[in-house]
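This is what each chain is made of:
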Amino acid sequence: MKVPVTVTVNGQVYQREVEPRLLLVHFIREVLGLTGTHVGCDTSQCGACVVLMDGKAVKSCTVFAVQADGAQITTIEGLARNGQLHPLQEGFWEMHGLQCGFCTPGMILAAYDLLQRNPNPTDEEIRHALEGNYCRCTGYHNIVRAVRYAAEKLRVQA
Amino acid sequence: MATRYFGVAMKRREDPRFITGRGTYVDDLALPGLVYAAMVRSPHAHARIKAIHKEKALQHPGVIAVFTGKDMVDSGVKSLPCGWLLPGMKLPPHYPMAVDKVRHVGEIVAVVIAQDRYTAEDAAELVEVEYEPLPAVADGAKALQPGAPAVHDEAPDNVCFRWSIGDREKTDEAFRRAHRTVKVELVNQRLIPNAIEPRAAMAQYNPATDEYTLWVTSQNPHVHRLLLAAFVLGIPEHKLRVISPDVGGGFGSKIFVYPEETIVTWATKQVGRPVKWTARRRESFVSDAHGRDHITEAELAVDEKGKILGMRVKTIANLGAYLSTFAPAIPTYLYGTLLSGQYEIPTIYCEVTGVFTHTTPVDAYRGAGRPEATYVVERLMDVMARELGEDPAEFRRKNFIPPDKFPYQTPVALQYDSGNYEGALNKALEVIRYKELRQQQEELRKQGRYIGIGFSCYIEACGIAPSQVVGSLGAQAGLWESALVRVHPTGKVTVYTGSHTHGQGHETAFAQIVADELGIPIEDVEIIHGDTGSVPFGMGTYGSRSAPVGGSAIVLSLQKIKEKARKIAAHLLEAAEEDVVFEDGKFYVKGVPDRFKTFQEVALQAYLAHNYPPGLEPGLEASSFYDPKNFTFPFGTHIAVVDVDPETGKVKILRYVAVDDAGRIINPLIAEGQVHGGIAQGIGQALLEGAVYDENAQLLSASLLDYALPRADDLPSFEIDHTVTPCPHNPLGVKGIGETGTIAATAAVVNAVMDALTPFGIRHIDMPLTPEKIWRAIREARAA
Ligand code: FES
Ligand code: FES
Numbered sequence: 001m002k003v004p005v006t007v008t009v010n011g012q013v014y015q016r017e018v019e020p021r022l023l024l025v026h027f028i029r030e031v032l033g034l035t036g037t038h039v040g041c042d043t044s045q046c047g048a049c050v051v052l053m054d055g056k057a058v059k060s061c062t063v064f065a066v067q068a069d070g071a072q073i074t075t076i077e078g079l080a081r082n083g084q085l086h087p088l089q090e091g092f093w094e095m096h097g098l099q100c101g102f103c104t105p106g107m108i109l110a111a112y113d114l115l116q117r118n119p120n121p122t123d124e125e126i127r128h129a130l131e132g133n134y135c136r137c138t139g140y141h142n143i144v145r146a147v148r149y150a151a152e153k154l155r156v157q158a
Numbered sequence: 001m002a003t004r005y006f007g008v009a010m011k012r013r014e015d016p017r018f019i020t021g022r023g024t025y026v027d028d029l030a031l032p033g034l035v036y037a038a039m040v041r042s043p044h045a046h047a048r049i050k051a052i053h054k055e056k057a058l059q060h061p062g063v064i065a066v067f068t069g070k071d072m073v074d075s076g077v078k079s080l081p082c083g084w085l086l087p088g089m090k091l092p093p094h095y096p097m098a099v100d101k102v103r104h105v106g107e108i109v110a111v112v113i114a115q116d117r118y119t120a121e122d123a124a125e126l127v128e129v130e131y132e133p134l135p136a137v138a139d140g141a142k143a144l145q146p147g148a149p150a151v152h153d154e155a156p157d158n159v160c161f162r163w164s165i166g167d168r169e170k171t172d173e174a175f176r177r178a179h180r181t182v183k184v185e186l187v188n189q190r191l192i193p194n195a196i197e198p199r200a201a202m203a204q205y206n207p208a209t210d211e212y213t214l215w216v217t218s219q220n221p222h223v224h225r226l227l228l229a230a231f232v233l234g235i236p237e238h239k240l241r242v243i244s245p246d247v248g249g250g251f252g253s254k255i256f257v258y259p260e261e262t263i264v265t266w267a268t269k270q271v272g273r274p275v276k277w278t279a280r281r282r283e284s285f286v287s288d289a290h291g292r293d294h295i296t297e298a299e300l301a302v303d304e305k306g307k308i309l310g311m312r313v314k315t316i317a318n319l320g321a322y323l324s325t326f327a328p329a330i331p332t333y334l335y336g337t338l339l340s341g342q343y344e345i346p347t348i349y350c351e352v353t354g355v356f357t358h359t360t361p362v363d364a365y366r367g368a369g370r371p372e373a374t375y376v377v378e379r380l381m382d383v384m385a386r387e388l389g390e391d392p393a394e395f396r397r398k399n400f401i402p403p404d405k406f407p408y409q410t411p412v413a414l415q416y417d418s419g420n421y422e423g424a425l426n427k428a429l430e431v432i433r434y435k436e437l438r439q440q441q442e443e444l445r446k447q448g449r450y451i452g453i454g455f456s457c458y459i460e461a462c463g464i465a466p467s468q469v470v471g472s473l474g475a476q477a478g479l480w481e482s483a484l485v486r487v488h489p490t491g492k493v494t495v496y497t498g499s500h501t502h503g504q505g506h507e508t509a510f511a512q513i514v515a516d517e518l519g520i521p522i523e524d525v526e527i528i529h530g531d532t533g534s535v536p537f538g539m540g541t542y543g544s545r546s547a548p549v550g551g552s553a554i555v556l557s558l559q560k561i562k563e564k565a566r567k568i569a570a571h572l573l574e575a576a577e578e579d580v581v582f583e584d585g586k587f588y589v590k591g592v593p594d595r596f597k598t599f600q601e602v603a604l605q606a607y608l609a610h611n612y613p614p615g616l617e618p619g620l621e622a623s624s625f626y627d628p629k630n631f632t633f634p635f636g637t638h639i640a641v642v643d644v645d646p647e648t649g650k651v652k653i654l655r656y657v658a659v660d661d662a663g664r665i666i667n668p669l670i671a672e673g674q675v676h677g678g679i680a681q682g683i684g685q686a687l688l689e690g691a692v693y694d695e696n697a698q699l700l701s702a703s704l705l706d707y708a709l710p711r712a713d714d715l716p717s718f719e720i721d722h723t724v725t726p727c728p729h730n731p732l733g734v735k736g737i738g739e740t741g742t743i744a745a746t747a748a749v750v751n752a753v754m755d756a757l758t759p760f761g762i763r764h765i766d767m768p769l770t771p772e773k774i775w776r777a778i779r780e781a782r783a784a
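Protein chains in written order, with our numbering: chain S, 1 to 158; chain C, 1 to 784.
The reader is advised that the hints may include incorrect statements.
Some, not all, of what chain S presents toward chain C, calculated at C-beta under 8 angstroms [what the hints assert, rightly or not]:
| no. | residue |
| --- | --- |
| 1 | Gly11 |
| 2 | Tyr14 |
| 3 | Asp42 |
| 4 | Thr43 |
| 5 | Ala48 |
| 6 | Val63 |
| 7 | Gln84 |
| 8 | Leu98 |
| 9 | Gly101 |
| 10 | Asp123 |
| 11 | Cys135 |
| 12 | Asn142 |
| 13 | Arg148 |
Think of the hints as simulated: they come from the structure by calculation, not from any bench. Remember, predicted model here, so these are calculated numbers, not experimental data. C-beta: ideal position from N, C-alpha, C; glycine also.
Using the sequences and the accompanying hints, generate a full structural model.
And the structure:
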């Protein structure tokens, strides 16, 4: 028994028939073939799967694809505009905020959510906001710097 | 030659694909006709398998096949091999799927292959396994007690090996003469690696060519290929291609040959379709090789002046239910040999008992033996300093191996190549402003605040080598590295390295070396790794070996390239070869720099071979296999400053200073990143992480809800500095930096917490130092 869903991902509209239990993360990765969104756990802990749903960060492993019916999703693939990296992407690159890169897409989108709510976060606020995203490689030091870099850049741009 | 890239904190060339979601990890791959595997795993730690009923699963729509351990063994599949053998060691078989008995929770008993992931998992639940549960033991010390349930018939007392190093009599004698001795009992708890990318494997068989391809999350694809092909599956080595694409962290856990990749490689031929398996996190917890798990008794003896006379160490190392690929080496040659630390210790004796238990196998996890050794040494140093009433920094300083004693022969086999331990200590003391800090500590104590300062002066041995020596110690492999440098006709360069990057940034750091040596723009250099189809046999990445061993192999190939290019250039310049200088990418005759041939022109001529030295082969490529003369020995001092709240037991890290010496640094940005990550894992062990098994050997900490990985707000920012003592025996002067943080941090943090708790008379608490444990210890101390 499949049900139809219409989801806009990175500005493109997709209509698909899916099993009701299909997770949004698997919809994105396996149905749409956008593999930048990762799966790191099965208990909604790691944050590797974070995407923006209607502008807010969600762990896409906790959402069914059918719940995203009618929603606007942004994944890491859709963050750069016109070949221009988003300041967060730039920050992670400049500040060496990634090593293996597996946590990075989720980390960037979680930080995106933070900077929307709080354009000028302290280090402590950054650390707190990223609590739901594990990184095993970087020790977070450079991730904090990366987010700070992006915050400054976005403020200058604004 | 002018250095242009070496030593520059370049941002990484691999990052654009990762920050835009264009990385390619194993689970991202798909093939036409792909089907999925789900593993049926034992819920029991120890049980006899009475029967396995496949019928219900097979009837489930979408299921293609169900296989058991018996199916594999009947078709000729062999035991997974162990790559390090110790004399007299027990080596019970380890089949990819259990055949008669299961010996740890999570051991695979059957595999379901189905058309999609969800169906495979549904059907895995329909496989009915009849078990007869048997008594189990998880704790290494308990497994040694008489009457403990035996894991294998081959080892009724659960002893896999007894190993020792050093001079027992001489050490006992030192303790008899000692002015003062101290003894500590330490548990180095079991850790679960938890790379954020779960392990995964996808295999494809082509019946027309009889070739297999395996994509697997591997730190060493050639080792995977050799062991799978020659030892387990009986596939001709050249008919199995192993590709390890982008890999999301390893920390040791992706070195080993595991049951799952073996199963999918075997199953793909059975079902005639490509097969993929990706671990769910709960599978990672029970199936990725764990780390550490030592129980240790350690003693230190000093004379009247506080100079160390000897060290005695006795360790029980829990190996888990089966021997993982390099398991026997970790608590022996990578542990006992490191017990001299940075100190002049006239005699050391260490005894290790390797024990089987009904738990997930234990193997190398970041640092692998060396963090365990450092923890022993640095805890002993602290406890002794306190016993003597000496400042812990000064007590260490007094016992350092002085700089003029290198190369230094320790009593536990290693010969340290170079070091200046006092230099690193002094720098760290300066950065932290030690004197002021001690005063501050005093004042705060009066106000009821307890801060502590903890040291860890560590030594690491990395780039384990040379092959002949490791072979004599039991390694079933050589520990050299390969590099093939291929110069194309346009002068662009592709380097095939036997090292493997899974976060370490080789595509940048190695390219920095190449661009400098050949005087070409870094954009002209491509680094290829992780594919046995194109890369020469290589040993892979672990033990901080990529820069010192893998990087050196590249340098050797570059030297060969330059030699040949010089011959071609001399011919073009109509000069004698000895007169030709190569500088900044140009060949010219000594003294005539404006008449030159560029590297690109020479490369082109190497392929045209029109105007060419007689007798010289066309083409410009070279491969090398670099076997180091010795290990390299990074060292340093880490200092942690913590604040312990006596009311809640909570530890806050106020500052963390790391001064490391890894020789010359290729890329400081990457090197610092490695240190950060290592420290985070070390702090994780000290304060948060630990595998918990219950009395029945059930893993209680089997999810990220129950196992505390460090989060962003658990950690401080780090203060990183370094000293530079080049490695004297490799061409780059580099050591290794990947594990220093993990090796140092654990002891630094625990020492800091114990320093904070000094006023309570608390001498030791086992890790992880959770608020509860600290709170209890304080309460008990206050009551006493
Ligand atoms: S995959 Fe881990 S939180 Fe979603
Ligand atoms: S960069 Fe590897 S997990 Fe974050």
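The hints, checked one at a time:
no.: 1; hint: Gly11; in the structure: 15 angstroms, violated
no.: 2; hint: Tyr14; in the structure: 17 angstroms, violated
no.: 3; hint: Asp42; in the structure: 5 angstroms, holds
no.: 4; hint: Thr43; in the structure: 5 angstroms, holds
no.: 5; hint: Ala48; in the structure: 6 angstroms, holds
no.: 6; hint: Val63; in the structure: 16 angstroms, violated
no.: 7; hint: Gln84; in the structure: 11 angstroms, violated
no.: 8; hint: Leu98; in the structure: 6 angstroms, holds
no.: 9; hint: Gly101; in the structure: 3 angstroms, holds
no.: 10; hint: Asp123; in the structure: 7 angstroms, holds
no.: 11; hint: Cys135; in the structure: 7 angstroms, holds
no.: 12; hint: Asn142; in the structure: 6 angstroms, holds
no.: 13; hint: Arg148; in the structure: 11 angstroms, violated
Hints 1, 2, 6, 7 and 13 from the list above are not met by this structure, while the remaining hints are.
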